[in-house]
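Residues 1116 to 1160 (the numbering used here) make up the sequence shown, in order.
To be clear, the hints were calculated from the coordinates, so they are not data collected in a lab. For each residue, glycine too, the CB sits at the ideal point set by N, CA and C.
Here are the computed distance ranges between Cβ atoms for each label pair:
#1 Asp1121 / Leu1152: 45 to 55 Å
#2 Ile1158 / Lys1124: 44 to 54 Å
#3 Ile1157 / Asp1125: 43 to 53 Å
#4 Leu1153 / Asp1121: 47 to 57 Å
#5 Ile1155 / Ala1134: 27 to 37 Å
#6 Thr1132 / Ile1155: 31 to 41 Å
#7 Phe1126 / Ile1158: 44 to 54 Å
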Amino acid sequence: MAAEGDASKDFKAHEGTYAGFIGLMKWGAILSVIAALLVIVIIRA
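Let the hints inform the model, and build the full structure from the sequences given.
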């Protein structure tokens, strides 16, 4: 079982972790698209 305590502190930690995860996924997707476009340009050249 989870320890009883101040749930607001846990929620703040979860919000921070989630924000970091979303940021990582956003930038990962952007960099993946750029890498794919670069590969396409290199192959066509």
